[in-house]
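Asks: Whenever a hint applies, use it, and build me the whole structure from the sequences.
These protein sequence lines are chains A and B, in that order.
Here the first sequence stands for residues 1 to 406, numbered as in the numbering used here.
Here the second sequence stands for residues 1 to 238, numbered as in the numbering used here.
No lab work stands behind these hints: they were computed from the structure.
Among these hints, one or two may not hold up.
Which chain A residues stay away from chain B? Per the calculated CB distances, all over 12 Å, these [said to hold, decoys possible]:
{"id": "1", "residue": "R7"}
{"id": "2", "residue": "Y34"}
{"id": "3", "residue": "T89"}
{"id": "4", "residue": "V113"}
{"id": "5", "residue": "E131"}
{"id": "6", "residue": "I133"}
{"id": "7", "residue": "L137"}
{"id": "8", "residue": "T179"}
{"id": "9", "residue": "Q214"}
{"id": "10", "residue": "T275"}
{"id": "11", "residue": "Y312"}
{"id": "12", "residue": "D320"}
{"id": "13", "residue": "T345"}
{"id": "14", "residue": "L356"}
{"id": "15", "residue": "R360"}
{"id": "16", "residue": "G364"}
Computed footprint of chain A on chain B; a stretch qualifies when at least three of its residues, placed anywhere within it, have a C-beta under 8 Å from a C-beta of chain A [stated by the list, open to error]:
{"id": "17", "stretch": "69 to 76"}
{"id": "18", "stretch": "84 to 97"}
{"id": "19", "stretch": "100 to 112"}
Glycine included, each C-beta is placed from N, C-alpha and C at the ideal position.
If you want the building blocks of each chain, they are given just below.
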Amino acid sequence: MGVVAERELRDLWLGGRGLLLAFAFSLLLSVLTYLAASNEALNFLEQRETVNLVLQVAVGVGGLLALLGAADAISGERERGTLESLLVTPLPRARLVGGKLVAALSLWLGAFVVTVPYVWFLGRNVGAAGETIGVGLVAGTLLAAALAAFGICVSARARSNRVSLSVCLFALLALFAPTQLPAGAQHGWFGELLLRVNPVTAAEHYIGSVIVDQHGWTHDLSWLASPLIAAVVFTAIAVAVVPRVLMLTLLLVLVLAAPAQAAPGVTMSRSHVATKLGDEFAFTSVVTNRGPAPLTGLIAHLDIVSRDPSVYVDPEDWSDERTRYLAPLAPGRSVTVPWKVKAVTSGRLDVYVVVLAGGRPTVGPAIDVRVANRSTIDAGGALQLAIAVPALLGLALVGVRARRPR
Amino acid sequence: MTIEAHDVTKAYRTVVAVQDLSFAAEAGEVIGLLGPNGAGKTTAIRVLTTILAPTAGSFSVAGIPHTRAADIRARIGALPESAGYPDQQTGDEYLRYHARLYGQSRAAARATAAALLRDVGLADRRSSPISTYSRGMRQRLGIARALVNDPAVVFLDEPTLGLDPAGQEQILRVVDGMSRERAATVLLSTHLLAEVEKVCSRVLILNRGRLVADGTVAEIAGRGEGLSEAFLALTEAG
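Replies: In structure tokens:
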């Protein structure tokens, strides 16, 4: 793989094509960053959301570049008449494909390197830069590897380069399509399943979970299962090697590691919520009849209190439907009650549900809610950054082109 | 023998491109592979260079059985029909890359590239991008690439296609040098009979996938009033 990868990387980056793409990508990020930081109409996003947005764009565009680079890898060689000369050498075909894969992946890594200064600038005041770079590298690399390996598979089978590029673009659009579904369609077990099995939506969900929701790296790790599976499966197909049993075992562990729930009379679907002022969050409570007789006259009521005595909370402002009248519940049966709450006060609060059965209240566990103030981006330095990165890449591009023999 | 083919057959579903091809070649021989368009010349070369697997039959190249494809590829050179070239690379970079694909060190690859560029008359253009090369120069570069591993057998598929007479002459000189100076067996696919008469010691004529003649140029030419008439008679009869 070494010789092919080296040659492919030289052609891609010293030939100027990779730098040209990186330059174009930096222009896109410059515009996005500058507007996000300085435009009043656009600077409505919370700072972590802006960082997340830029990283999602980087992962999306980087994945696209890797996919298109791979889509050209075999069909392009065939169309240019250079493939047969490579196949007639003793080089194992798996190593040829591996070298092509490395070159395609380098396009993602190039896009990621370009993204780093923008992410650092946007996330520096909220301490999000480091984790953004880390999570972006991990999730983005898995996704790019999956897309690049898929592109190689398509490229090897396609009759022409045009067909290969078209199929790959269509597939990528199909993978991104669920992100445009209404929010309601993305909830529920089927909606979540769709998001989980799609490597693109799963990777983006994981990134958002770490950056915006500030979950730990391991909290939603199972969401990386589908990008990882796709990367492994398509790479195995691309290089025609036996699937790596250990990797698959790891994946199974990740996929099956679903959180277990206890089942008291009133349970809540979440124990902690980290959110921002003005954002909505949702959860459910499960009411179970653990007695021998049916329960009638059930009323579930939502309440919210602040832990800070100086902060006044009016629960009416948080939820406009706090009282639910439930149908009778047979012994052993449960009912799930969904709740939606909007954070209208910053600070630390408890949200809990009381269930009245025949006038006797049962209180469920409280949800520990932390509501952060909205922080927006300081526009200072945005313009300089927006100009400096494309300028540096442009200079590198001119330099590379100038030293090419004519 | 450097090539031994026994009843080699290659079929694409219902179409039989090459059928029961049997022949043998000795070291240093230049063999012309003749045939009209669609006769199976390119398929035969692709099978013998292990790019395609035979449907039936067996062969060996440089004493290596066809079941050891990677070992055969290490001992052969090939210039495919209508070979393409990476325009952005220089001739020197292109040859060094291919030498490295055969496992040569960087220093050895550099020396190999320099020597071959000199042999094919491209030393003065070694640092020019291939995009600036003429068609004849590209073909000579392709032949140089086919020689980076000092092969025992070289397969050339229509190497003079589209070249002017001067370009054809240059290529034929290089082909002649392969057998004389390197003692390599050359299988030269062409439909230009004048080329065959000039450089080949033996001729194989394919028609509709079958071998219809195998002999020296004089033997084949003796079947008619010259090689051209004999060729037409053999291929029209099929």
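Asks: Is it correct that the beta-carbon of A:Q214 has no partner in chain B closer than or equal to 12 Å?
Replies: holds, 47 Å
Asks: Beyond 12 Å on every Cβ pair: is that true for A:R7 relative to chain B?
Replies: Violated, because the least Cβ-Cβ distance between A:R7 and chain B comes to about 5 Å, which does not exceed 12 Å.
Asks: Quick check for students: does the CB of A:G364 sit more than 12 Å from each CB in chain B?
Replies: holds, 67 Å
Asks: Should the label of A:T89 as a non-interface residue stand, given a Cβ cut-off of 12 Å to chain B?
Replies: violated, 4 Å
Asks: Non-interface claim for A:Y312: all C-beta distances to chain B beyond 12 Å?
Replies: A:Y312 is indeed farther than 12 Å from all Cβ atoms of chain B, at 69 Å.
Asks: The output says A:T345 does not contact chain B. Does that hold with a beta carbon cutoff of 12 Å?
Replies: Correct as stated: the minimum Cβ-Cβ distance to chain B is 61 Å, above 12 Å.
Asks: Would you assess whether A:L137, listed as outside the interface, keeps its beta-carbon beyond 12 Å of every beta-carbon in chain B?
Replies: At roughly 30 Å from the nearest Cβ of chain B, A:L137 sits farther out than 12 Å, so the non-interface label holds.
Asks: Measuring Cβ to Cβ, find out whether A:Y34 lies farther than 12 Å from everything in chain B.
Replies: About 34 Å separates A:Y34 from the closest Cβ of chain B, which puts it past 12 Å; holds.
Asks: Checking the smallest CB distance to chain B, is A:R360 really beyond 12 Å?
Replies: holds, 79 Å
Asks: With a C-beta cutoff of 8 Å, work out whether three or more residues of the stretch 69 to 76 of chain B approach chain A closely enough for the coverage to hold.
Replies: holds (count 5)
Asks: Please check whether the beta-carbon of A:E131 is more than 12 Å away from every beta-carbon in chain B.
Replies: holds, 40 Å
Asks: Please confirm whether A:T179 is truly not at the interface, meaning its C-beta sits more than 12 Å away from all C-beta atoms of chain B.
Replies: At about 37 Å from chain B, A:T179 clears the 12 Å cut-off, so the statement holds.
In this structure, the earlier hints numbered 1, 3 are contradicted, and the remaining ones agree with it.
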